[in-house]
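Starting from the known structure of chain A, fit chain B onto it as the hints suggest.
For the record, the sequence lines run as chains A and B.
So in the working numbering, the last spot in the first sequence is 886, and the numbers never skip.
So in the working numbering, the last spot in the second sequence is 643, and the numbers never skip.
Incorrect hints may have been included.
Covered, in the sense of this in silico footprint (three residues per stretch, anywhere, with C-beta under 8 Å from a C-beta of chain B), are these stretches of chain A [stated by the list, open to error]: (1) 490-503; (2) 515-521; (3) 809-821; (4) 867-876.
If you're looking for bench data, these hints aren't it; they were derived computationally from the structure.
Being a predicted model, the structure only gives us computed values, none of them experimental.
Each residue gets a CB set at the ideal place from its N, CA and C atoms; glycine is no exception.
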Amino acid sequence: MILVWLIVVLLSGGMLCWLIARWNPMAAKWIALFAVLADLAILMNIWLQYGRGTHTSTDTWMIQYQTAWIPSFGISFHVAIDGLSMILLLLTFFLGTLAVLCSWKEIHNRTGFYYFNLLWTLAGISGVFVALDLFLFYFFWEVMLVPMYLLILIWGDKNRRYAAYKFFIFTQAGGLLMLLSILSLYFTHGAKNGTYSYDYFSLLNTQLEPATAKWIMIGFMIAFVIKLPMVPFHSWLPDAHSEAPTAGSLILAGLLLKTGAYGIIRFVLPLFHQAAVDIAWWAMLFGVIGIIYGAMMAFAQTDIKRLIAYTSVSHMGFVLTGIFAFREIAMQGVVMQIVTHGISTGALFVLAGMIKERLHTRDIEKMGGLWTSMPAMGGVAMLFTMASLGLPVLGNFIAEFLILLGTFQANVLLTVLASTGLVFSALYSLRMMQKVFLGPTTSGDKLTDITARELIILATLSIAIVLLGLYPQTVMDLLSYRLH
Amino acid sequence: MQEVLFLIPALPLMGFLILSLAGRHLSKQVIAVVGAGVVCIAAIVTIWLGINFLQAPPENGAYTETLWRWMSVANFNCSFSFRIDALSLVFLFVITFVGALIHIYSAGFMKHDRDYARFFASMNLFVCAMLILVMADNLVLLYLGWEGVGLCSYLLIGFWYETTANVHAANKAFYITRIGDTAMAIGLFLLFRELGTLDIPAIQKAAPEHFIKSSPLITSIALLLLAGGMGKSAQVPLQTWLPDAMAGPSPVSALIHAATMVTAGVYLVARMHAVFQLSPFVMNITAVVGAVTLLIAGCSAMVQTDIKRILAYSTISQVGYMFLALGVGAWSAGIFHFFTHAFFKALLFLAAGAVIESLHHEHGIFKMGGLKNKLPIVFYTFLAGAAALAALPFVSAGFFSKDQILWYAWSANGGNPLLWLVALAGAFITAFYTTRLMLVVFWGEIKTDISEPPGRLMTWPLIILALLSIVAGFIEWPHNLMHVTLFSDVVQKALPPLTEKDIVPSEYIFQLIAVAATLTGIYTGYLLYKKNTAIVAKWKEVPALVGLRNFFFSGWRFDQLYHTLFVRPFMFVTSLNKQDVIDKIYTGIVSIFQWLNGIFSVSQDGSVRTYVISVLIGIIFILALQFFL
Numbered sequence: 403m404i405l406v407w408l409i410v411v412l413l414s415g416g417m418l419c420w421l422i423a424r425w426n427p428m429a430a431k432w433i434a435l436f437a438v439l440a441d442l443a444i445l446m447n448i449w450l451q452y453g454r455g456t457h458t459s460t461d462t463w464m465i466q467y468q469t470a471w472i473p474s475f476g477i478s479f480h481v482a483i484d485g486l487s488m489i490l491l492l493l494t495f496f497l498g499t500l501a502v503l504c505s506w507k508e509i510h511n512r513t514g515f516y517y518f519n520l521l522w523t524l525a526g527i528s529g530v531f532v533a534l535d536l537f538l539f540y541f542f543w544e545v546m547l548v549p550m551y552l553l554i555l556i557w558g559d560k561n562r563r564y565a566a567y568k569f570f571i572f573t574q575a576g577g578l579l580m581l582l583s584i585l586s587l588y589f590t591h592g593a594k595n596g597t598y599s600y601d602y603f604s605l606l607n608t609q610l611e612p613a614t615a616k617w618i619m620i621g622f623m624i625a626f627v628i629k630l631p632m633v634p635f636h637s638w639l640p641d642a643h644s645e646a647p648t649a650g651s652l653i654l655a656g657l658l659l660k661t662g663a664y665g666i667i668r669f670v671l672p673l674f675h676q677a678a679v680d681i682a683w684w685a686m687l688f689g690v691i692g693i694i695y696g697a698m699m700a701f702a703q704t705d706i707k708r709l710i711a712y713t714s715v716s717h718m719g720f721v722l723t724g725i726f727a728f729r730e731i732a733m734q735g736v737v738m739q740i741v742t743h744g745i746s747t748g749a750l751f752v753l754a755g756m757i758k759e760r761l762h763t764r765d766i767e768k769m770g771g772l773w774t775s776m777p778a779m780g781g782v783a784m785l786f787t788m789a790s791l792g793l794p795v796l797g798n799f800i801a802e803f804l805i806l807l808g809t810f811q812a813n814v815l816l817t818v819l820a821s822t823g824l825v826f827s828a829l830y831s832l833r834m835m836q837k838v839f840l841g842p843t844t845s846g847d848k849l850t851d852i853t854a855r856e857l858i859i860l861a862t863l864s865i866a867i868v869l870l871g872l873y874p875q876t877v878m879d880l881l882s883y884r885l886h
Numbered sequence: 015m016q017e018v019l020f021l022i023p024a025l026p027l028m029g030f031l032i033l034s035l036a037g038r039h040l041s042k043q044v045i046a047v048v049g050a051g052v053v054c055i056a057a058i059v060t061i062w063l064g065i066n067f068l069q070a071p072p073e074n075g076a077y078t079e080t081l082w083r084w085m086s087v088a089n090f091n092c093s094f095s096f097r098i099d100a101l102s103l104v105f106l107f108v109i110t111f112v113g114a115l116i117h118i119y120s121a122g123f124m125k126h127d128r129d130y131a132r133f134f135a136s137m138n139l140f141v142c143a144m145l146i147l148v149m150a151d152n153l154v155l156l157y158l159g160w161e162g163v164g165l166c167s168y169l170l171i172g173f174w175y176e177t178t179a180n181v182h183a184a185n186k187a188f189y190i191t192r193i194g195d196t197a198m199a200i201g202l203f204l205l206f207r208e209l210g211t212l213d214i215p216a217i218q219k220a221a222p223e224h225f226i227k228s229s230p231l232i233t234s235i236a237l238l239l240l241a242g243g244m245g246k247s248a249q250v251p252l253q254t255w256l257p258d259a260m261a262g263p264s265p266v267s268a269l270i271h272a273a274t275m276v277t278a279g280v281y282l283v284a285r286m287h288a289v290f291q292l293s294p295f296v297m298n299i300t301a302v303v304g305a306v307t308l309l310i311a312g313c314s315a316m317v318q319t320d321i322k323r324i325l326a327y328s329t330i331s332q333v334g335y336m337f338l339a340l341g342v343g344a345w346s347a348g349i350f351h352f353f354t355h356a357f358f359k360a361l362l363f364l365a366a367g368a369v370i371e372s373l374h375h376e377h378g379i380f381k382m383g384g385l386k387n388k389l390p391i392v393f394y395t396f397l398a399g400a401a402a403l404a405a406l407p408f409v410s411a412g413f414f415s416k417d418q419i420l421w422y423a424w425s426a427n428g429g430n431p432l433l434w435l436v437a438l439a440g441a442f443i444t445a446f447y448t449t450r451l452m453l454v455v456f457w458g459e460i461k462t463d464i465s466e467p468p469g470r471l472m473t474w475p476l477i478i479l480a481l482l483s484i485v486a487g488f489i490e491w492p493h494n495l496m497h498v499t500l501f502s503d504v505v506q507k508a509l510p511p512l513t514e515k516d517i518v519p520s521e522y523i524f525q526l527i528a529v530a531a532t533l534t535g536i537y538t539g540y541l542l543y544k545k546n547t548a549i550v551a552k553w554k555e556v557p558a559l560v561g562l563r564n565f566f567f568s569g570w571r572f573d574q575l576y577h578t579l580f581v582r583p584f585m586f587v588t589s590l591n592k593q594d595v596i597d598k599i600y601t602g603i604v605s606i607f608q609w610l611n612g613i614f615s616v617s618q619d620g621s622v623r624t625y626v627i628s629v630l631i632g633i634i635f636i637l638a639l640q641f642f643l
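Bound-form chain B, shown alone:
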């Protein structure tokens, strides 16, 4: 069983190599078969492995495979070795399965693109790197995957590189995540100095013995790792790259910037739970970061007009929920939300891509409208995804996962009423902007004619994801309603148990409030964008509200802030010193010598008289010296 682990990342890697080296000589059909095929096979291997894992769990809770010794210097050892436990398995499943669907969809979506091979090559490389990230047995290998997904994200955001704005977006994504990555790297150095190892199981084992709980040391380590996670997962204050990352093709947004890569931070925190648990302070920070992020991004999502930017902000916000869950200690709930979110957010992006493609690359939602009857399959699948995003009770996967998080935000040991309140407000906001999106895009009158409806390669992945967005939640019910805990039973093996407060109010009340918040959100959306559109029109005349709207629209002006604080000073300093001020020292020395040369060459004017005089002066000088000394 364990011997085939390497196949899972090796298959997409093979696809990447074939397509990048020989892609230009292959027909589009072959490219699609190779590009999507390898990921599909990887998905099948993963599912087969998963079934085996669940039927006969390995003794120590993980499959492991070591490929080769990577580095071994002094006391530092690390290998190319994989380790799959329950947590990795969830991620593996999502990456390969959702990844395979997105690849199939892309075969149709990108069919007119000139760089078909480059697209699939980058996508395959991404899948490979992401798989290595979640399968890594040590933090260095994890870091390899971590940087690898960053590279692929950069390549794919800037896929249409001839537009300068796209390249800028790609660079920005790379820069900002690199800041987080560097913090994380420093965290690794610190961990290694303390524990002498970077193997994940060894850290899990040694950390509780080595570190004193809440000591500054463990707090710094956890903070540094968290910073890495925040960069990749677009959490405040490192969130600004994600909305711009929508410059990439829609399948890229679905795979990288919704389902998988942006949740790498969640994976990292969950994977390093032994470290985070030792620092309750950092756990609190994680929860607060999540809460702040979900609110900030949610507010921005309410006022966006670009369909993909709405989804981007909503992704930031949903990942914020995951961080919140992890922070309060509801590990399994956070991972569960990742699981359901991957389906419905990938679905939403793919469906949005289908809409955009059908409307001649139109992104603005207010130029869409009335698509309900024109694109029925897209409509119904989008509806399923939207329901899940809004957490519509019982008929959507999002409800089950978000309900857990809301509940634990209060009742878990690390939770408190304020976090719960923010999460609740987030639920309201989410329901509101989702409704707004649905109504504006699919109802009303037709504003842009559609070119051609999406083909079957694109609709089947939508349908499958739509089904999953509805049913994926059923594997884990709120425990006061029905005792189904298939999901947490599995992942709990790899995660610490949840501890709840001793005295908590009844869960039913919380569920009712959460449902009420969702429904109110939906109704508000309905009221403002369908029933009585005059209200919004009236608000647009109030300057304060317009100012607030613009503030939200710009993503709370984070970009402007960073521009003033970092970008402009850096550009100024570097351009000021383009000629290298240090070189001036040397050119200065040269000038001094030239100047001296000018002075002394006066004495060499070729006139015998001057020479005689200077000889005489010299003689007198020497005689004088002898006389006086």
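So that you can see chain A by itself, here it is in the shape it has in the complex:
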């Protein structure tokens, strides 16, 4: 039941924000902050209760809650969390809190409706991470889409309309394919077993013809790799990222992309194991293409948010490659990558937002030498630039190292190609640092260095990324809760 509360708090908090903002926009901000913090607290509590204890190998689920929703169609409200969900939910509320904080000064019009959308997106994302009923999963998948679309459409930058449409159409196209797949799985399962159910555990035992399994899986896969995103389905991402408000970019990069990876791990691999093994080589190949292509695209960009968006494409390539290596080490790396990429890229977007607030441009050719007037921000930017190129001590290194270490056992050639991503990431990361913070000072007027509120956001992110680099075992132990 507590899991339902997690989502209800966000949904009702969002409604409340919308209503109350008519009278007092400030109250809406505090309600939003309070709602995500409450969720974070609830989740921490669950973690301390279940996550730390000794666990037996059979008991992979910490909490489950199931109640009938539309029983005549076999739809139930079935939610549960295991280690993987726990990690992703922690990330969701962590980044959610920061998303609320970094919108504090940025959003001036329709504040209440803004926070409504923000919280509903977060609710959709949390729902995706806990749903164990495919219909419910699809429902949450849509819940996170529409508010995000509105966030871009209403509070975005100049070209927001185009970006929002593109984001919506891409995701929706994938979503519909997934719906088709869910339905065919539902009917195939029903026809075979006689009971029609959307429940994850019943569907797990479906015996599928290899050809059927392949086609159904492809429906799921397309939806997930569009979200991930995998080259060549990535082109919505740079537009959506660069036009979205800062919090939107933070949530897109930090969480929305992760739902794709989560979907593959949670649904594609267990439901269609053999079919997934069959396409493993291709999936890894496309992952590697993504790593290199994303990095090369990032290197060429002059819009700082587009640049960071393409680095996401590159980093998520590691995720795809790692998942389909089918090695435990690589899988641990994938989950680390999900978490650390969320934090590091999120931080980069937050920084880009702060720079844009000060300079009113996203063009890195118009920046330069910002370190002189903003040494503290420069220092943090250096930290996250280094995180993005996979410097040890920071979490991203653990992730990429484990992924490569694991995939190497599966495929040497592709791993070697993927490793060149380490060189490419250095190329685009240092170029970004150079154009923005180093070099001769271009801006004449004095810029203010980070404020107290910004310091809180950036310090939290910095501490998180360092802790993940030094004590990654905490996350890994949580995940092995599931892997055992």
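What follows is chain B alone, placed relative to chain A:
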């Protein structure tokens, strides 16, 4: 004893944290005390630890300390754990001791700089990372230090970031070393796949049993590790970043790009000797790389005009000697050269920094001159360093270490006459360019006035390093002259024994030839730059010689080559595809729909006549269908 190991890297780390978080609120004095203080304490701890180590060697030859479990997944385990054996101890001593001297020097050298705190913070972080590198018990932790020093090198090369050229130099250093690092990472993956562990002692133990000698597998592993070492240690063909790295402040060049970081490759090869020994082919490659590097860099050093670039090329060349020594199997000799080189090259860079600072940031040696009497302390200390670099017999540390390498280049099992010949030519070249540097800078007439002589904070480290550059060699004598082998006795515990060829000529002859080469080099320098300067002037009129000179001057045109081969194609491709060609597919789909929309909307023109006609056509069509089917 073992419980204090963590203090050695933790102290500089603490300095880094204090200075980076609170540095802006501290006075310069406090910053200097913190920045230099932590490294000095680390040096004291190291020396104390070293004395204990030598007096009562630990049973298994190493102190170990595990801090915490870092990662543990499936069969992959690694911890934050340190291990100090004799080899690490030598490196630890050099890093902390020379590091401390350089920090003290920097307190004076950087005193007018705006970013005093940032400088010391980066330097402290560097020392911390370098210490982790040499103390690491497993290769992942070693890699952490390895990348950490790369970061600090980048930060410090680009310390004066407002000049674009400096930032480019910093980026270049990072890029090129990253290529080596990536190769090394792949080497680690391969090692792990084969052995299931990345703990160094476990690898040392398991490798000889697991791998077949000279098998392609072990050769690839060794080659990949070597590539990592070549990147960090600026060996051909990954050497091009080091001359540009001189954009950083002089103490940085002394610490990172002379004494410590560039020798990380040497450490890696020596540390992984169990792997390298299994592949004689890669050992040969190591030796050849070293030999080629020392020659190429030496030639470039002869014609440079920037005092720091001369020293940079000479560093590449001296590290080449170390690789040569390791490659022929003279492990201890290679490490010994690292040991002496750290003192005299750090000294030379610091002294050069003092010269540059006194001459209003003038780098060109031909604009210097006559400094002998103006800066006496700098002169005498520089002289001691130069003597060591040129390997002046018996009065310099460099002689003892280089003589060993020359001898083993022939006589060791992996050696051969050709390697010896190259090394000998290198000795001649080194002596020549060192003499040229000394004569041009310190003799002759004064060309630039000096501003102020260096203060005591700067001169004391110079004096101490000068003394060490003279006496550090005495702990290891050529064994045909005197039986003093203090150094090799210690490091030999951590390294494989040296095997020599059965039949070798007399060592005395080789020593005489080496001494002759050095002296000829010095004399040639004296002849060309002091006694008869007309010769050089005459050479400058011969086009072929000028061409050769320019070729050497540009570092054998490696930069141009890489620019054409890699940089320009990469820039071209990326800028060509800036708009993302894949997006064209989707915009194409959109265009098709817009086009179709244009066509179909013609049918919806609002005229009743058209609608009636199209309805009629539809009816006829359906009827026709029914009729024919």
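Quick rundown of the hints versus the structure:
1. Only when three residues or more bring their CB closer than 8 Å to a CB of chain B does the claim for the segment 490-503 of chain A stand; here the count is 0, and the claim is violated.
2. Against chain B, the segment 515-521 of chain A contributes 0 residues with a C-beta closer than 8 Å to a partner C-beta. That does not satisfy the three-residue criterion, and the hint is violated.
3. Residues of the segment 809-821 of chain A with a Cβ under 8 Å from some Cβ of chain B number 5, which satisfies the need for three, so the listed coverage holds.
4. Residues of the segment 867-876 of chain A with a Cβ under 8 Å from some Cβ of chain B number 4, which satisfies the need for three, so the listed coverage holds.
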